[in-house]
Amino acid sequence: MNIRTLLPVLLLLVLMGCTKDADQPKDDWTYDPTPYLLDYPDAFPIMQVNADNPMTEEGVNLGRRLYYDPLLHPTGQHACATCHIQEMAFTSSGSVLPHINLGWNKSFLWNGKITGTMEDIMRFEVEDFFQADMSRLEADSLYPRLYYEAFGSPHITSTYTAKALAQFFRTLISSNARYDEAFSPGSGEFPTEEEQNGYDIFFTEKGDCFHCHGGILFTDNGFHNNGLDVDPSTEGRSLVTGNPNDLGKFKSPTLRNIALTGPYMHDGRYETLEEVIDFYSEGLKLSPTIDPLMKQAHLGGIHLTTKEKSDLIAFLHTLTDTTFTTNPALGSPF
Amino acid sequence: MSRKKLLIRQQAFPLMFVCLLATMMFTTQCTKDNGTGTVTIQLDHSVAGAPLELDQLKYTSQAGHTYSVVNLKYYMSEIRLTDKNGFNVSRGNINLFDIQDPSSARIELTQIPDGDYTHLSFVFGLNEIINVDGGLPNTVENINMEWPIPGDQGYHYMKFEGRYDSLNTGTIRSFNIHTGATKGNQNYLEFTLAIPTLALRDNNWTIQLNMDLNEWLQNPTTFDFVGQELIMMNQAAQEIIKANGASVFSITSVKKT
Numbered sequence: 001m002n003i004r005t006l007l008p009v010l011l012l013l014v015l016m017g018c019t020k021d022a023d024q025p026k027d028d029w030t031y032d033p034t035p036y037l038l039d040y041p042d043a044f045p046i047m048q049v050n051a052d053n054p055m056t057e058e059g060v061n062l063g064r065r066l067y068y069d070p071l072l073h074p075t076g077q078h079a080c081a082t083c084h085i086q087e088m089a090f091t092s093s094g095s096v097l098p099h100i101n102l103g104w105n106k107s108f109l110w111n112g113k114i115t116g117t118m119e120d121i122m123r124f125e126v127e128d129f130f131q132a133d134m135s136r137l138e139a140d141s142l143y144p145r146l147y148y149e150a151f152g153s154p155h156i157t158s159t160y161t162a163k164a165l166a167q168f169f170r171t172l173i174s175s176n177a178r179y180d181e182a183f184s185p186g187s188g189e190f191p192t193e194e195e196q197n198g199y200d201i202f203f204t205e206k207g208d209c210f211h212c213h214g215g216i217l218f219t220d221n222g223f224h225n226n227g228l229d230v231d232p233s234t235e236g237r238s239l240v241t242g243n244p245n246d247l248g249k250f251k252s253p254t255l256r257n258i259a260l261t262g263p264y265m266h267d268g269r270y271e272t273l274e275e276v277i278d279f280y281s282e283g284l285k286l287s288p289t290i291d292p293l294m295k296q297a298h299l300g301g302i303h304l305t306t307k308e309k310s311d312l313i314a315f316l317h318t319l320t321d322t323t324f325t326t327n328p329a330l331g332s333p334f
Numbered sequence: 001m002s003r004k005k006l007l008i009r010q011q012a013f014p015l016m017f018v019c020l021l022a023t024m025m026f027t028t029q030c031t032k033d034n035g036t037g038t039v040t041i042q043l044d045h046s047v048a049g050a051p052l053e054l055d056q057l058k059y060t061s062q063a064g065h066t067y068s069v070v071n072l073k074y075y076m077s078e079i080r081l082t083d084k085n086g087f088n089v090s091r092g093n094i095n096l097f098d099i100q101d102p103s104s105a106r107i108e109l110t111q112i113p114d115g116d117y118t119h120l121s122f123v124f125g126l127n128e129i130i131n132v133d134g135g136l137p138n139t140v141e142n143i144n145m146e147w148p149i150p151g152d153q154g155y156h157y158m159k160f161e162g163r164y165d166s167l168n169t170g171t172i173r174s175f176n177i178h179t180g181a182t183k184g185n186q187n188y189l190e191f192t193l194a195i196p197t198l199a200l201r202d203n204n205w206t207i208q209l210n211m212d213l214n215e216w217l218q219n220p221t222t223f224d225f226v227g228q229e230l231i232m233m234n235q236a237a238q239e240i241i242k243a244n245g246a247s248v249f250s251i252t253s254v255k256k257t
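Residue numbers (the working numbering), protein chains in the order written: chain A, 1 to 334; chain B, 1 to 257.
Hints are computed from structural coordinates only; laboratory data are not their basis. What you are looking at is a predicted structure, and each value in this text was computed from that prediction instead of being measured. Don't be surprised by glycine CBs; every beta carbon is placed ideally from N, CA and C. Mixed in with the good hints there might be a few duds.
Over 12 Å on every C-beta distance to chain B, these chain A residues come out as not near it, computed from the model [unchecked claim]:
no., residue
1, D28
2, T30
3, Y68
4, E87
5, W104
6, N105
7, Y148
8, G152
9, F203
10, D208
11, T219
12, N245
13, D246
14, S287
15, D291
16, L330
Residues from chain A shown here face chain B by an in silico Cβ test under 8 Å; the list is partial [what the hints assert, rightly or not]:
no., residue
17, L97
18, F210
19, G214
20, G215
21, E271
22, P292
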């Protein structure tokens, strides 16, 4: 038998060998995922979970590990958690949007560049933002097994990576702030006089915060020009839609944990809540695309007294959820 | 063909014919007794008779302001068809129209029994049974319509938002016509509109229902944006909008589809 005859046979053997290694899990690996039950109060809307990515303990744990692992980055420079720090309600200084209750979102990033499911945004983060190199994960001693246990396949793909991260993101639920007790009749907790005054400003047209930041999620998931600039920048929603009527529009972030997530606005221009309230009170700028909800923009703002401002800030502090920022299940597994 | 087979064929023919006839009669009978169809209500929006265009500062209110429409959302509920004998059919639809979501302009009333329908009725907004905190399914969309004013309950019935030219100062201002229940007043509207001809016979029909936004601002009372830019706790303004609302809807066509 000459080498010409042998070559295809050898190639076939090599290929079979490769196929076997990649396709077959090791003998002691098992694929028997445990369903994960999402836990949030009845007052929250039902969170949509993709049928092709059911929540499992294994998937959530893998997603959490990936969130904290710089190995996901092609040069290992940083992990998701480098800029999304748990103690800061999963944000950090700058204009980093916090990862809070995003399982109820349908559009993502400040300008809504990605719309769809949590899997869609995670695929963007893995493939485009991080440009993650899956071979780094495949070469790892642990990940192939974790992917097999979560998805029944030892293949590490960006799709599975996005799915695992999506599962972990759905668990980033903040629903246990002082607000959730103090303003719920029958809880036994009560707001202070200042917090109640702040609530009344927030949830009436006096302050009119609630039209963009209302409901149990403290966001309308919409895009608004809130009057930051006379000449709204070309950034924002219009970059995505191409519609000049969307100039200067940015996503309304949730106000849950707002005391922890400064600096504020899409460009991080305000360091403190006091600066933010001063802006809404006296600093609004009229522009052609300012949201009609900013009804008092022609007066410069809602003109709160010093007392009203501090009451409103006292109310905003009730949205801080320390069980969220200290929950070990959401912290680093390393 | 053998003689035996031929015989069977000859014998079978009348039997098959009878069966076919019986099936046809049965089917016809069924259609007559149980015929149903879908009646689709298609929502259209206009300003002074012209199709609504968003973000165009080109409309004129009776109070003399040039204005634009930026956002429009509203609930319709208790949607009913009434036939010539006064029999009502409802499918329990509660529709949240959102100008940003074209699919929300289409309301399908399914499994409507055959009949001659003469009237379309609905509640604009939500009645006092539904309009309580948590009265609607807990969706992100419904939560965004909540009416959280301390002491009140339920949901916005309508968010009609835009900008207007303030005339004297030359600056553009904003208005929010947000309707709902305030200070113990329910403020929803009930409509009963006559339908020209809707003879449902195991088929589907579409009713085009038009809302003319200018009518919220006139007839019988001129609504001036100035000083009424925010009206959630202003029952006098709610009353004006409610009274003007009587003329906002019209049926523009009823067609078999």
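Taking the hints in turn, this is what the structure says about them:
The claim that A:D28 lies off the interface holds: its Cβ sits roughly 44 Å from the closest Cβ of chain B, which is beyond the 12 Å cut-off. Under the 12 Å C-beta cut-off, the non-interface status given to A:T30 relative to chain B holds; the minimum distance is some 37 Å. Against chain B, the non-interface label of A:Y68 holds: every CB pair exceeds 12 Å, the least being about 29 Å. With a closest Cβ-Cβ approach of about 28 Å to chain B, A:E87 is found to remain outside the 12 Å limit, as its non-interface label requires.
Its beta-carbon lying about 6 Å from the closest one in chain B, A:W104 breaks the requirement of being farther than 12 Å from that chain. A cut-off of 12 Å between C-beta atoms contradicts the statement that A:N105 is not in contact with chain B; the least separation is 9 Å. No Cβ of chain B comes within 12 Å of the Cβ of A:Y148; the nearest lies about 35 Å off, and the non-interface call holds. No beta-carbon of chain B is positioned within 12 Å of the beta-carbon of A:G152; the least distance is around 32 Å.
The claim that A:F203 lies off the interface is violated: its Cβ sits roughly 4 Å from the closest Cβ of chain B, which falls inside the 12 Å cut-off. Residue-level check failed: A:D208 sits 7 Å from the nearest beta carbon of chain B, not beyond 12 Å. With 12 Å as the threshold on Cβ separation, the claim that A:T219 sits away from chain B is violated: the shortest Cβ distance comes to roughly 9 Å. Distance check on A:N245: its Cβ comes as close as 4 Å (rounded) to a Cβ of chain B, failing to clear the 12 Å threshold; non-interface status is violated.
Not every beta carbon of chain B lies more than 12 Å from that of A:D246, the smallest distance being close to 10 Å; the non-interface claim is violated. The Cβ of A:S287 sits about 9 Å from the closest Cβ of chain B, inside the 12 Å cut-off, so the non-interface label is violated. The beta carbon of A:D291 sits about 8 Å from the closest Cβ of chain B, which is not more than 12 Å, so the claim that it is off the interface is violated. At the 12 Å boundary, the C-beta of A:L330 stays outside the reach of chain B, the nearest C-beta of that chain being 22 Å off.
Interface restraint check for A:L97: the shortest CB-CB distance to chain B comes to about 18 Å, outside 8 Å, so the restraint is violated. Hint status for A:F210 relative to chain B: holds, with the closest Cβ pair at about 6 Å, below 8 Å. A distance limit of 8 Å between C-beta atoms decides the matter here; for A:G214 the minimum to chain B is near 6 Å, and the interface restraint holds. Of the supplied interface hints, the one on A:G215 holds, with its beta-carbon coming within about 4 Å of a beta-carbon of chain B, less than 8 Å.
Taken as an interface hint, A:E271 does not check out: its beta carbon lies about 29 Å from the nearest beta carbon of chain B, beyond 8 Å. At about 4 Å, the closest approach between the beta carbon of A:P292 and any beta carbon in chain B falls short of 8 Å, and the interface hint on this residue holds.
Comparing the model with each earlier hint shows violations of hints 5, 6, 9, 10, 11, 12, 13, 14, 15, 17 and 21; every other hint is respected.
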